[in-house]
Amino acid sequence: MRCDEVQERLSALIDEQLSPQEYEQLQHHLHTCEACFREYQELRRFVEFCRQLEAPEPKIDLWREFQPMLAEIVAEQKIPFAQRLRRQWNRLVSQLCYGIILFLQVVTYQLTITLSRYIVEPERAAYGRPAQG
Amino acid sequence: MVLAIGTPSEATQELAFNMVAPLDEDLLLVRRCGDGDAAAFEKLYHKYVRLVYSVVYRMVPGEEAHDLTQEVFIRAFKNIRSFRGDSSFRAWLLRIAHNLCCNRLRDMKREKADSLEEMAERENGSYEPVSDDDLQAHVEREELQRKVREVLARLPEDYRTMLVLRDFEQLSYEEISHITGLTIANVKSRLHRARLAFKRLFEPYYQAYYQGVGE
Numbered sequence: 001m002r003c004d005e006v007q008e009r010l011s012a013l014i015d016e017q018l019s020p021q022e023y024e025q026l027q028h029h030l031h032t033c034e035a036c037f038r039e040y041q042e043l044r045r046f047v048e049f050c051r052q053l054e055a056p057e058p059k060i061d062l063w064r065e066f067q068p069m070l071a072e073i074v075a076e077q078k079i080p081f082a083q084r085l086r087r088q089w090n091r092l093v094s095q096l097c098y099g100i101i102l103f104l105q106v107v108t109y110q111l112t113i114t115l116s117r118y119i120v121e122p123e124r125a126a127y128g129r130p131a132q133g
Numbered sequence: 001m002v003l004a005i006g007t008p009s010e011a012t013q014e015l016a017f018n019m020v021a022p023l024d025e026d027l028l029l030v031r032r033c034g035d036g037d038a039a040a041f042e043k044l045y046h047k048y049v050r051l052v053y054s055v056v057y058r059m060v061p062g063e064e065a066h067d068l069t070q071e072v073f074i075r076a077f078k079n080i081r082s083f084r085g086d087s088s089f090r091a092w093l094l095r096i097a098h099n100l101c102c103n104r105l106r107d108m109k110r111e112k113a114d115s116l117e118e119m120a121e122r123e124n125g126s127y128e129p130v131s132d133d134d135l136q137a138h139v140e141r142e143e144l145q146r147k148v149r150e151v152l153a154r155l156p157e158d159y160r161t162m163l164v165l166r167d168f169e170q171l172s173y174e175e176i177s178h179i180t181g182l183t184i185a186n187v188k189s190r191l192h193r194a195r196l197a198f199k200r201l202f203e204p205y206y207q208a209y210y211q212g213v214g215e
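Here the protein sequences line up with chains F and V, keeping their order.
Counted the way my numbering counts, the first sequence spans residues 1 to 133.
Counted the way my numbering counts, the second sequence spans residues 1 to 215.
Certain hints may be false.
Quick list of the computed label-pair ranges, beta carbon to beta carbon [to be verified]: (1) 18/F x 25/V: 29 to 35 Å; (2) 205/V x 83/F: 36 to 42 Å; (3) 24/V x 63/F: 23 to 29 Å; (4) 110/V x 115/F: 31 to 37 Å; (5) 122/F x 102/V: 53 to 59 Å; (6) 189/V x 34/F: 51 to 57 Å; (7) 27/V x 60/F: 29 to 35 Å.
Hint data in this document are derived by calculation from the structure and do not stem from the laboratory.
A quick note: this is a predicted structure, and the numbers were derived from the prediction, not measured.
Positions of the beta carbon are idealized from the N, C-alpha and C atoms, including for glycine.
One chain only, chain F, in its complex shape (with noise of 0.2 Å):
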């Protein structure tokens, strides 16, 4: 086996994740070559450093928090799907016709620009032309 070759495989051979035959071959390519040896050694010493390193604690109780969502999910689930489903349509009725008034409210806007160029500045174009006789 080439030095590539042999690197490549270097994270199966620390998981023990090679055939018997490509082992043997691994085996002996390492007791051979001091380069691969020691890249060997350097990969397995960051692996045993992740897999021993401390798992992340969470800082606040976290079921504390989770529990009234699923009393709220659990209390949700009993309700008849019909009525179940009535409440989701009203809620997207609700959000639909908050959308419209938003989407009302910026056309509104756009449209008190744009008629201002041809009302407003005409007007204000007149005032400042000098007074006539």
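With chain F's structure known, arrange chain V on it following the hints.
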């Protein structure tokens, strides 16, 4: 002790039961959850919350880990009936966590937030009230966790996933394949490249840490 052929000893029976029992216990709890038993879900929650939090914490920088952890379990409870037992419950749960993390990371990129690395760097460890004797060790541990998280944030998402699931949480290749949707061959090759990338980036911190503790 002479054994009759085909009759396992008590020790063998106990060993077989202990190997099989954890999976059966999860399946039983899942079935009870499907029938609306919230107490069964509570057991599953307590069993896997630290694992899910650990994965989410390392996958997504910033202060998202708590909320995302809760979201994972909310989705798991709502979809508990879709769990068919074709994988371990642990793998099924982490698949939900993985998908949520990927979605969140995509949203963060779209929001053009600070780079993930900068978010990880800004995060301050919290100091829990510990005794004076443990304070030094606690600070060192927090600092190490922070550095690991910073380096993980610098890696591509798929590399980070491989490292978190295999090297930090010791999941099997089959479970990782199920969680990520990759073939086992792809898992192997990506894991190897991930390890090399992590080693290259973490080497300076690793040397400094072990010099500090006098290895």
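Outcome of the hint check:
{"no.": "1", "hint": "18/F x 25/V: 29 to 35 Å", "verdict": "holds (33 Å)"}
{"no.": "2", "hint": "205/V x 83/F: 36 to 42 Å", "verdict": "violated (57 Å)"}
{"no.": "3", "hint": "24/V x 63/F: 23 to 29 Å", "verdict": "holds (24 Å)"}
{"no.": "4", "hint": "110/V x 115/F: 31 to 37 Å", "verdict": "holds (36 Å)"}
{"no.": "5", "hint": "122/F x 102/V: 53 to 59 Å", "verdict": "holds (56 Å)"}
{"no.": "6", "hint": "189/V x 34/F: 51 to 57 Å", "verdict": "violated (25 Å)"}
{"no.": "7", "hint": "27/V x 60/F: 29 to 35 Å", "verdict": "holds (30 Å)"}
Against the hints set out earlier in the document, violations occur for numbers 2 and 6.
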